[in-house]
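Student: Take a look at the letters that make up each chain.
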Amino acid sequence: MKQLLSGNEAIALGAYHAGVAAATAYPGTPSTEIIENMARLDGVYVEWSTNEKVALEVAMGASYGGVRALASMKHVGLNVAADPFFAVSTTGIIGGLVVVSCDDPGEHSSQGEQDNRHFARFAKVPMLEPTDSQEAYDLMEWAFKISEEFDTPVLLRSTTRISHCKTVVNVNRERQANLKQAGFTRSPTKFVMVPSNARPRRNAMEERIIKLRSYVESFPMNQTIMGDRKLGVVSSGVAYQYAREVFKDASFLKLVTTYPFPEDLIRKFAKEVERVIVVEELDPYLEEELRCLGIPVIGKEFISIIGELTPEIVEQGAIRVGLLPAPPKPSAQPKAPPVQLPARRPQLCAGCPHVGAEYVLRKLCFQGSGSPGPIKKDEIIVTSDIGCYTLGVYPPLAALDTCACMGASITQAIGLEKAKVPNKVVAVLGDSTFMHSGITGLVDAVYNQANITVIILDNGTTAMTGHQGHPATGISARGAKATTVKLEKVVEGVGVKDLHVVNAFDLKAIESAIKHCLETKEPSVIIVRGPCPLNVKIKGKPSKVDEDLCTSCYMCLDIGCPAISLANDKAVIDAGVCLGTACGVCAQVCPQEAILKAE
Amino acid sequence: MKDVNVLMVGVGGQGVILASDAMSEIGVLSGYDVKKTDSLGMAQRGGSVVSHVRWGKHVYSPMIKRGEVDFLVGFEQLETARWAPFLRPGGVAIVADVVVIPISVIGGTIPYPNWSQTEGVLHQYTNQVYLIPAPKIAEEVGNPRAVNMVILGFLSEFLELKPEAWTDNIRQKLPPKFVESSLRAFQRGAEKAKAMRQVKGVGK
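Those protein sequence lines, which keep their order, are chains A and B. Residue numbering for the first sequence follows the working numbering, starting at 2 and increasing by one per position. Residue numbering for the second sequence follows the working numbering, starting at 608 and increasing by one per position.
Just so you know, the hints here were simulated from the structure itself, not pulled from any lab data. Given the structure is predicted, the values throughout are model-derived calculations rather than measurements. Even for Gly, the Cβ is constructed at its ideal location relative to N, Cα and C. Among the hints, erroneous ones may be present.
[What the hints assert, rightly or not] What the simulated footprint calls covered on chain A by chain B, stretch by stretch (three residues with Cβ under 8 Å from a Cβ of chain B suffice, anywhere in the stretch; the number is not a length):
(1) 165 to 176
(2) 233 to 243
(3) 302 to 313
Using the sequences and the accompanying hints, generate a full structural model.
Tutor: Listed below in structure tokens is the structure:
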């Protein structure tokens, strides 16, 4: 049956038809939809895990129990899961285990760019890369087979343009009715990695790679397409599609097994063409491999090592180095007056529960300035984390000083305080991020008596990736009721004595809690609680501006609410967007009391 | 069958993805190879949304090259202006009469371009520019959220498929209570296209 599937849908369905029994993930763009789709299918254990390390370890346990398991994550998620990734490469598996890494070239929705193909070579794990959804679907079956045949986890590496691209898939398999039953066989030399057991496993890892080297030589999805033999293009992933688009007549070697490499296949292809080039996104990964084989090749000389590729970038690079003829100069286009177009950045939504706290932080901590440069003694450092609230770095809120990786808000704050910077330090992170990797930092703050204040912006969901459940929401990956891990109990449980819980839409309460915590000499936590309006679909009666009272002071614009704009120099509120009675932050900011909340 | 490249642009929450999904499925049902990809970034938080839809005998790249867009379908004026350079010379720009002011304009230095400026930008690449009162039409059929259906209806007049190809998909895609009003919105969009093309003197 022909279906139009995104790469992530195809990965989920492919794994499902391959008989996966357990699938785990922490949400992260562009990988999130794999588990979301899996959660719509029956007969699989599906979970949102606390973080990626947990996800992979749960999948690893399921594999040890004899069933097929999958863990998916975004590129930086594999950094978090690197420890179990290497560990399971060492022990090997029982039930097939596939790790899906979705890289985000160009950082559409990420804090950094990295090429996770290196992880395969680094951890000695075989890697497969699809070039479209059909291959993503087909490769899942192969990935589990390879995993079981060679006693190894398998890395399936996708990127944004594979995961978030819909292409036609011939869905030609079904899930088998009788899957293997789970059962554990005791085997300390395989599962208990004390040094004396781990050393023989190192030998097994190298032997496995040698066997895989010869296996991938005849892997049916690596494909040689002979065209004009003047130019031979070696490529993989979505870059292969751009190469086909741009080099219309060339010969191609499409590689799906990108670790280990089919060396003979590559040598054979190189012999049959006059000149070899590599078209790949991010690092010169294939290119270096070809060089090691002694094949003269160009790649990164004409395609940038940075950012997401487009067919245009490939084409322009090829023209620049003479691989393609320059296009005829376009005839002069009519010139309209140049118009500068304003940017449209993402922003916090109308009624967002993060706005109030970030507004108060800007006022208290940045004293309304926040311009880059050495800060004044009485200003406060605000370390931040990964989530919607990170958008508070943009004006007009502009209330954050750092954002690096999940959980780092709390731990960076500890470091700044222990370095004895003269300023007080406040850490800001979300409820999901706190569960992901904030808790260990908070334990550190308590243990080492860091005098910091941690603000947990609790909107009751993992909002940025599209409202997934997490331990503090009490909602499972399948949307069912789950046990709720209470934030307050966790915070108190690790030993925080100074804990406040305040309403996210009550600016006075937020301000007085922060002021109080800044004065205490111990680690303190403020939970600022309010639901994400996109998640719970709250609709309050919209607020209104009394034009006669508005003095055009623009104070209401400082909260950056998308519902507020100016007309004839007076504030106006878009009733179709405003959450009014459910929010009311702007009314608390207006010094003229010109913003009226509906009755 | 001619290859078709459609770039749909707008702002998070406008239904761009639903419309481009419909476009893609209709392409498959009509016998094309289809690829489509969305650039969302953090679009649900008010950023721009871009959707590439490609129909062809065999489609390789999911992304359309600059200068090769046959139909630039704008759900919002500023976003349409932003993506104008992707139009092929003589391509068609369909623009919904919708303005969503970005936060950078409020209290910023770069003003929101007025329609004649946006039209000027588009005219650098094509003279086939259609500004359609999609919100007004959607309002008239009693479903203000069906702006995307008006736009799809308008676009359908330029693509040589049977109307049922579109309407069947819409029926399938939407919750039952929105189907009738959405189909009316689609129909009105198609009628609007007929009328405007006659005025412009551009036949099929």
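Student: Indicate, hint by hint, whether the structure satisfies it.
Tutor: Hints, one by one, checked against the model:
For a cut-off of 8 Å, the count of residues in the stretch 165 to 176 of chain A with a CB near a CB of chain B stands at 5, and the three-residue condition holds. With 3 residues carrying a beta carbon less than 8 Å from a beta carbon of chain B, the stretch 233 to 243 of chain A meets the three-residue requirement, and the given coverage holds. With 3 residues bearing a CB less than 8 Å from a CB of chain B, the stretch 302 to 313 of chain A meets the requirement of three and the coverage assertion stands.
Violated hints are absent here; each numbered hint is respected by the structure.
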